[in-house]
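Chemist: Could you build the full structure based on these sequences and the hints that come with them?
Residues per chain are reported as follows:
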Amino acid sequence: MPLYKLQINGTTREIDVAEDTPLLWVLRDHLNLVGTKYGCGIAQCGACTVHFDGAATRSCVLPVSAIGNAKITTIEGLSKEGDHPLQQAWDEVDVPQCGYCQAGQIMTAAALLKQTPHPTTAQIEQTMHGNICRCGAYHRIREAIKLASTKA
Amino acid sequence: MSTVNKSRRSFLKSTLLTTGGLMLGFSWASAGAAAPVVVADAGAAASLGFNSYLSIAPDGIITIFSPNPELGQNIMTSFPMIVAEELDADWKKVKVVQAALDTKAFDRQVTGGSGAVPHSWKLLRNAGATARQMLVQAAAQQWGVPAEECTAADGFVVHTKTGNKLDYGALAEAAAKLPVPKDVKLKDRKDFKLIGKEVKNVANKDITTGKPLYGLDFHREGMVLAMLQRPPAFGTRIKSVDAAAAKAMPGIIDVVQFKNNVAVVGKSTWEIMKARKVLKVEYEKDGNTESSEDHAKLFSTLMDTGTATVRRKDGDVATAFAGAAKVLRAEYECPFISHSPMEPMNFFAHVREDGVELVGPTQTPALARTSVSKLLNIPEEKITVAITRLGGGFGRRLKADYVTEAAELSSIIKKPVKLIWSREDDMTGGSYRPAVRYRFEAALDAAGNMIGYKLRGVGINSGNPTREDNFPSGAVPNLLIDTVEHQSPITTGAWRAPITNFLAYAEQSFLDEVAQAAKKDPIQFRLDLLQKAKTAPVGAIKYDIDRMIGVTKLVAQKAGWGTKKGVSQGFSVYFSHRSYVAQVAEVVMKGGKPVVQKIYAASDCGEVVNLSGARQQVMGGIVDGLGHAMYSKLSFKDGAPQQNNFGNYRLIRMMEIPEIETHFVDNGIEPTGLGEPALPPTGGAVANAIQKATGKRIRKQPFIEDPVFSGKTQAAPAKKMKTA
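Those sequence lines, one after another, are chains A and B.
Residue numbers in the first sequence follow my numbering, run continuously in steps of one, and reach 152 at the last position.
Residue numbers in the second sequence follow my numbering, run continuously in steps of one, and reach 876 at the last position.
Derived from the structure by calculation, the hints contain no laboratory data.
Since the model is a prediction, treat every value here as computed from it, not as a measurement.
C-beta: ideal position from N, C-alpha, C; glycine also.
Keep in mind that the hints are not guaranteed to be accurate.
[Unchecked claim] Stretch by stretch, here's where chain A covers chain B in the computed footprint (C-beta under 8 Å, at least three residues):
id : segment
1  : 365-375
2  : 672-683
3  : 796-805
[To be verified] Now the stretches of chain A that chain B is said to cover, found in silico as 3 or more residues with beta-carbon under 8 Å:
id : segment
4  : 38-44
5  : 55-68
[What the hints assert, rightly or not] Only pairs whose alpha carbons sit at most 30 Å apart, straight line, appear in this in silico DSSO-like list of lysine-lysine:
id : chain 1 : residue 1 : chain 2 : residue 2
6  : B       : LYS352    : A       : LYS151
7  : B       : LYS419    : B       : LYS437
8  : A       : LYS114    : B       : LYS363
9  : B       : LYS352    : A       : LYS5
Modeler: Have a look at this one:
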């Protein structure tokens, strides 16, 4: 199996897996970064969202061979102290219910705020439409993104 | 007076001396039994059967074990809040730990039926109040003052006359040596500082930083992973297996067959997924392989000719219908749906010579243990169950099928194994919300009074698809409720607010139809019926009429029922799991389609413990109820589910949510549960609003398949509305 050198959360990680292995399973099974979640495996729910050179990307359909030197950020690397404005807002608004989808929600929202620091409600909704929250915490997710956008 | 066990205490004392960490523990295995123990750590507590406890460490940190599985209902926050309230603890110093299964230490270690807070409310309050009283007593003795002169607040005992002040950590050791008071005084609700406030989820930080909380995140050194290939259709079984190609795939350790499963065991998830694709399994018929088309015909046949089980009978319906001025009849239908928690099923099992270790997400850890015990013929005391956080449950994790699969596989391969279901496995693997068709009939007299009511529910593996003692039973003099059941190989199970999650929509829609026929305002129509149930009850009434009236009037007032222009309002009220929720949905027409713009909810769940969590449960319940009524359907062809992932099985998303306004009745009665009760009323409120907006009555879920959503609907002509 080929050897890959991946730039993940600011460090270089070496990994020996088949070239079609999705980044999701590299993170979860091989690098012990389990904050990125498996939800559907077909890029329909957003639970596996990471940043690929800053862009929100579904890691469940991203083969390791397509990563190259791109900088990957996972929820574990979003902030050092867990205090990214979105992480703070998620607590302030008290967003999580079961919490399983929230890492993916936050990563999708973080990429949005980086590109559009003050998104409109419509922009938030369009961007977050790909992330399913089965508990239905959508109102607070939207509210928390708005709150974070006022602080960033 | 005292229930102190001296020998135990002397043992504990020595534990205390060697480790230096002091904790004060209370068992709340049963109400009223509060035996104090001093333990050094959770391990010591567990060995004594006292891991149901709250402990106070010398630094004042209060640890509270939370026995019930956490799946998003926020029990890990609300349980400790109740203890901390009566303890007068400093909430910032409270730590919560998920307890493992311990049927000796805890009762009802289950997440289901919206029952945890109602069940444990008094127990938790007593535990907190008992500890508080002992801490106050310890301080009073130290200061040589009467305990009555001391008060407790925010983790301190204070003697107001002298200004003396000691924190709980400093008092814990002395308090632990005191006899346990038998009768403790609980707070007056007006003195609550935590209960009723918005308190944040204690797990927020761990969740938002991606900590390994869930079953799927669990890792044990030396464990292997596995996935099962299950039959693709209900009513089929394995005919032959050719595993050669799968076994030869990289990373595959073994392929084994047991029951109707072929397990692919390997080192990593992706390698297992790939090997499964080259697995060759042939299946053959093993029973009926049913299609949704068959079910449609079956519903019609059984509705007219099926053998019905009578669930409730009041008066004489035949005479009432024969003499009625007007008779209404309507049928409603709901499809199978999947639970689809975001975390698919999974469990860790390690079957060893000396016992079994189970770890994972389950709503019923005790059932998991019993099931594995029976399956492997291993005594329960040799089986441990640790509970991870659950990435959703919605009733799916009440079942132990995925636990026994993991345990059986571990016993065969003699390895610790984490069994993982793919999303496709999860959606096609059964245990669905059953499909049901209802026929409602109502008889009205010349004045528009409902003098007769009939309901027949025909279900597929639904058990009893009615709630025969719910409203409007008790308010109608002549009533007949019966059910017909079809047994199918398609497996079903409890789905959040079982039965009522679809029955409420059908019933509340039909009651609107009756109100219209009687030319009455829908809310006033229901209030009149409730008044009848109160003044002239017919048969047993198992709901609280005043609480139902209370939420009805509250939501009507908050929503401005009957006073708004430009929106169409629909009403619904339902009693489930001990609580009452009324809702008003507002619909507007956009591009020829009805759009749900806002939903008002008034809930009576008794005392609200955590206002933030309570709002979450109501809003989440409404989104869940709306989403599944609008979009979700699992259909079958020759026994095979036709939807297998979120690409072809639709769940509600952010752009589709209405504004939601939540209100609670403040009546101070004991909590009656809120994990489910907000869901049932939503479908009916929305369908009633759509009817008002379009003139079209939707009698089948999912609503999105109705022509009214094709974009060609004209808004219904505005009618003069009576106000409630």
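Chemist: Now look at each hint and say whether the structure bears it out.
Modeler: Each hint, compared with the structure:
| no. | hint | in the structure |
| --- | --- | --- |
| 1 | 365-375 | holds (count 5) |
| 2 | 672-683 | violated (count 0) |
| 3 | 796-805 | holds (count 6) |
| 4 | 38-44 | holds (count 6) |
| 5 | 55-68 | violated (count 0) |
| 6 | B:LYS352 to A:LYS151 | 20 Å, holds |
| 7 | B:LYS419 to B:LYS437 | 33 Å, violated |
| 8 | A:LYS114 to B:LYS363 | 24 Å, holds |
| 9 | B:LYS352 to A:LYS5 | 40 Å, violated |
Hint compliance for this structure: hints 2, 5, 7 and 9 are broken, all remaining hints hold.
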